[in-house]
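S.K.: Chains as they are written, first to last, in my numbering: chain A, 100 to 386; chain B, 713 to 1031; chain C, 1137 to 1522.
Please keep in mind that the hints were generated in silico from the structure rather than gathered at the bench.
Any given hint could turn out to be false.
The list that follows gives simulated cross-link-like pairs (lysine to any residue, SDA-like), each with its CA atoms no further than 25 angstroms apart [stated by the list, open to error]:
(1) C/Lys1228 - A/Leu187
(2) C/Lys1219 - A/Phe181
(3) B/Lys742 - A/Val370
(4) C/Lys1249 - A/Ala183
(5) B/Lys837 - A/Asp222
(6) C/Lys1219 - C/Asn1457
(7) A/Lys281 - A/Leu212
(8) B/Lys837 - A/Val370
(9) C/Lys1269 - A/Ser250
(10) A/Lys281 - B/Ala750
(11) C/Lys1223 - C/Thr1481
(12) C/Lys1228 - A/Ser250
(13) C/Lys1228 - A/Pro179
(14) C/Lys1278 - C/Lys1476
(15) C/Lys1224 - C/Met1189
(16) B/Lys813 - B/Asn891
(17) C/Lys1219 - A/Ser177
(18) C/Lys1249 - A/Ser250
(19) B/Lys1024 - A/Phe217
(20) C/Lys1269 - A/Leu246
(21) C/Lys1416 - C/Glu1493
(22) A/Lys190 - B/Pro755
(23) A/Lys157 - B/Val900
(24) A/Lys281 - B/Arg922
(25) C/Lys1197 - C/Ser1252
(26) A/Lys281 - B/Arg746
(27) B/Lys1024 - B/Val824
(28) C/Lys1219 - A/Pro179
(29) C/Lys1194 - C/Ser1253
(30) C/Lys1197 - C/Ile1229
(31) C/Lys1219 - A/Ile175
(32) B/Lys738 - A/Ser289
(33) C/Lys1194 - C/Ser1280
(34) B/Lys1024 - A/Phe181
Just so it is clear, the structure is predicted and the values come from calculations on it, not from any experiment.
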Amino acid sequence: MAPLASGDPFEVVQMEDETVPEFSNGKPKRRYHFRWWRFIVLLLAGAYILIPLYAGLKFSFQGVTGGFSTLAYTSIPSAPGFTAALALSFKLAIVTMVVSTILMVPTSIYVHLRMPRFRRVMDVVSVLPIVIPPIVLIVGVIGDYPLWARSSPYLLSFMYVILSMPFVYRSLDAGLSAIDLKTLTEASRSLGGNWIKTMWQVILPNIRPALLSATVLTLALVFGEYTMASLDLWTTIPVWIAQFQVSSDGHVQVAASMVGLIGTWILLILVVSLDRSQSRRNRRRTA
Amino acid sequence: MTISEAVVSDPGASAPGSETTPSKPKSFRKSLRRLESAFAVTPFVVFAFAGLGVPALAVIYQAFHGNTGGWTLSNMRLILSGSSNPTTHGIFLIGFENSIKLGLISALIPGVVGVFVAYAIQTSKSNLLRRLTSTGSGVLANFGGINLTFMFVATLGSAGVLTAWLHAVGISLSNVGFNISGFSGVVVVYMYFQLPLMVLVITPALGGLRQSWREAAENMGASSLRYWIHVGIPVLMPSILGGMLLLFGSAFAAYATAATLTLGLIALSPIQIGNFLNGNVIAGETHVGYAIAFGMLVILTVVMLMYSLVRKRASKWLR
Amino acid sequence: MAPRSITRVLLAGATLASVAAIGVTAETGAASGAASVNWGKVTHLTKTGATSMSSLVKAAKKEGHLNVVALPDNWANYGNIIKGFSKKYGIKINSENPEGSSAEEIQAIQSDKGRSSDPDVIDVGTSYAVTAKSEGLLAPYKVSTWSEIPAGLKNPSGYWFDDYGGYVAIGCNTTTVTNCPTSFKQMSTETGAQGYKIGLNNSPLTSNSALAGVQAAAIASGGSLNNVAAGVSFFATLNKNGAFVNTIADASTAQDGTTNVIIWWDYLMANGGIDVPGWKVVIPSDVLLGEYYTQGINAGSPDPAAARLWEEYLYSTTGQNLWLAGGARPAELAFMTAHKTVNQTTLAKLPALPSGETPQYPSTAQITAAATTVNSTWATEVGASS
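Between the sequences and the hints, there should be enough to build the whole structure, so can you do that?
M.R.: Structural data, given as structure tokens:
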């Protein structure tokens, strides 16, 4: 397709691998407008997300006197309590992910296969953590849970499984709906596989993207959740950063925020890169 | 909720495990199946009840009890009092009102923008962009609290980077009515995690828009706009509504970000709860905090009901 | 059959015995640390014997550690106090959640009961100590110098006792501000020309010190300890004039110029609390409002001997003078001044009190009432006028 005469740089973008359909009235021009439009959207959204990051990074790299300094960052790992908080957050993340998977995956598979009407119930229940705000949940927990439960940090894990339920369930539900679960299961069973084998070797690999997405979201949640952890008086990384910030100078405050954000981001990218089927997914296009 | 739901047939008919001895009566098998089903979802139900039901019940219980023990409506009367009340000046009602307003604005704007952004990302050719945004939206959706506040103060505060840039171009933020500690500031800051949240939620639904539909629409001569109005948006509508409900809940309930950003300059319900339960000045009045929490539960339940009504109508198209 | 049932009986018996043994050792283990004195029940020291000072020291050393909560290092010199105590007695101090609030301290006592980090002692706003006592969370204990604490600063049965206090003060950066305010009145007439950027250390809806600032503003503006509304109006005026900066004002904001005037406790800004060159702290000339913080011992303290030794240390001359070095006025200051045990040099460093002003100390009831008013009107009055 020849670029439009106006010379607008956006229009030089190549069309995707779509030919003009045979029976259409052939109007390629609107494709170009759409391209241009998308660029604007991405530019504005990108600016909105990236400018504050830039501002934060710029401020955190400033020394007290205004020059460039990495002091804010170097003082973080050696600060008291950092490693303990990091360890706690990791422990909570792993326990949350494991418990969430063990709870939600078999339940979702079973419900998809045998109890489709129950899906409506699960839909509602999995939205409840949004209806009941975290702050309400945690004050309820503080007021009512037995002492032996509140003495353990894994109570937070338990609550995080609840908090992540909307995302995990949504992910799994979409993943299970996208594959032909019934046929897969029947095929596997008729070939002689028992339920465990079926689940482990047939179903799970097919919903791996959904599972990975759910895991990643849970990880992000655990490393970003502040309200419940702080009110339950556990020093996870977000709580530690907040405590550390209040007692430090402005540059360290912002540096700590940046570390929390970018650190979690890198962690997630690492987890996602481990998935081999990612590239296969990306080749699917939307209409 | 999706078209593929129709693919899942009736459970009783051909599920693999049902090749039991034909001599057993059908009702027995049915009750066995029912028992099995009940057993299978028990962990989930127990979990959900322990994690959601118990705290909710605790909140309700505490909201209707006073410091002297025994059931009382005094807490509820306190939080529902109007501006003529000399003790409260109706501040709790104002808190509910502001929180609802904030929730609505923060659901609509990032909600709509989020659909566009998600679509733009999904249809781009860059794998890198998609990977970055899939992880990024997860991280940013959970980024909040004091971290977000500090970052935005470095951006839009009085000594902020963006403030300085805008000043250089002749735009003064305060003249346009923007105040980082005020309502406008909170909306702008909230968008930072609301937008990624919407992108996160709507992206899988976008994957459900089949290429074939688009081509079919083109074959019939529909313009892009008509495609969207008659095919795209109706198909997406349930997910868009779901996403907006999520956004409303998230904005309505956000605590740490609002607390550190406004320092009490705007009356918001979560902050008020925090003041009663975790502050440094009002000791021993936790029940009022629980009453506010109960109020939030009621509001959110109403919103959820409205959502399910609207969604039923929106999903009709898919059935 | 016979041998099998005998084995079973033996097994059951062994299990029962071991459980009982564990139970017994647990019980005695806790108490036997100090020659079977239950330090959790000791209410005061005796000159000699099992509950004397030397026994206490021995028992505390055996416990080996102390849990404190919400004690920032630069708050009233707690950093040095903690170091001093650890060095003197070799007891390790575990300092949790330094920036925590009084409410969090109380909550920690309740929810940490099973955790090893359960706080032994608390330092909270007085109203919180009163509430904690009414909920049975505190253990009564009278330090050796009990009589030196003024009557108005302690609970008669020993459940809580004030530790240090200060006055609401105005801190100002003399290098960047030409005409530093010395009174609330001076701040209220500011129309932006002076370039004041006035900050409170936190939100008065949740912070005790910020609330005190508002109460002081009330008194200076025609209100009183019983009526804080004038204080809220004061800040509304400030905000309208563009002189109020709604942020957490601290050393960091003083440094980068976001706030060049801060209203806070004198002891938190003086003595290097805000280490900005040229930072001057004055007590306002139109109001002298003071408040004390309060000590208490957790009734369920995991280290009861160490807790009591800590209190003895705090209320000894050493401890009191360490607080004084932090710019705070210790509870026994009057006694120490009269008996010349006070450190004169640090005493001289305290900001001068304005003449002609009688100090006012808000009671718990007045603080609660003020908090209620501020919580109900701050957003609509101060917020609306921005």
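S.K.: Are the hints correct? Go through all of them and say.
M.R.: Quick rundown of the hints versus the structure:
1. C/Lys1228 - A/Leu187: 22 angstroms, holds
2. C/Lys1219 - A/Phe181: 21 angstroms, holds
3. B/Lys742 - A/Val370: Given pair lysine 742 of chain B, valine 370 of chain A is violated - Cα atoms ~44 angstroms apart, limit 25 angstroms.
4. C/Lys1249 - A/Ala183: 21 angstroms, holds
5. B/Lys837 - A/Asp222: 33 angstroms, violated
6. C/Lys1219 - C/Asn1457: Measuring from Cα to Cα gives roughly 14 angstroms; hence the hint holds.
7. A/Lys281 - A/Leu212: 7 angstroms, holds
8. B/Lys837 - A/Val370: 23 angstroms, holds
9. C/Lys1269 - A/Ser250: 23 angstroms, holds
10. A/Lys281 - B/Ala750: Distance ~20 angstroms between lysine 281 of chain A and alanine 750 of chain B Cα, so the pair holds.
11. C/Lys1223 - C/Thr1481: Judged against 25 angstroms, a Cα distance of about 24 angstroms means the pair holds.
12. C/Lys1228 - A/Ser250: Roughly 22 angstroms separates the two Cα atoms, so the pair holds.
13. C/Lys1228 - A/Pro179: 15 angstroms, holds
14. C/Lys1278 - C/Lys1476: 23 angstroms, holds
15. C/Lys1224 - C/Met1189: With a Cα-Cα distance of about 14 angstroms, the restraint between lysine 1224 of chain C and methionine 1189 of chain C holds, given a limit of 25 angstroms.
16. B/Lys813 - B/Asn891: Satisfied, since the Cα-Cα distance of roughly 17 angstroms is no more than 25 angstroms.
17. C/Lys1219 - A/Ser177: Satisfied, since the Cα-Cα distance of roughly 20 angstroms is no more than 25 angstroms.
18. C/Lys1249 - A/Ser250: 7 angstroms, holds
19. B/Lys1024 - A/Phe217: 17 angstroms, holds
20. C/Lys1269 - A/Leu246: 20 angstroms, holds
21. C/Lys1416 - C/Glu1493: 20 angstroms, holds
22. A/Lys190 - B/Pro755: 23 angstroms, holds
23. A/Lys157 - B/Val900: Cα-Cα ~21 angstroms, so holds.
24. A/Lys281 - B/Arg922: 22 angstroms, holds
25. C/Lys1197 - C/Ser1252: 17 angstroms, holds
26. A/Lys281 - B/Arg746: 19 angstroms, holds
27. B/Lys1024 - B/Val824: 20 angstroms, holds
28. C/Lys1219 - A/Pro179: Holds, at roughly 15 angstroms.
29. C/Lys1194 - C/Ser1253: Holds - the C-alpha atoms of serine 1253 of chain C and lysine 1194 of chain C are around 22 angstroms apart, at most 25 angstroms.
30. C/Lys1197 - C/Ile1229: Answer holds: lysine 1197 of chain C to isoleucine 1229 of chain C is near 12 angstroms, not above 25 angstroms.
31. C/Lys1219 - A/Ile175: 22 angstroms, holds
32. B/Lys738 - A/Ser289: 23 angstroms, holds
33. C/Lys1194 - C/Ser1280: 17 angstroms, holds
34. B/Lys1024 - A/Phe181: 48 angstroms, violated
In this structure, the hints that do not hold are numbers 3, 5 and 34, in rising order.
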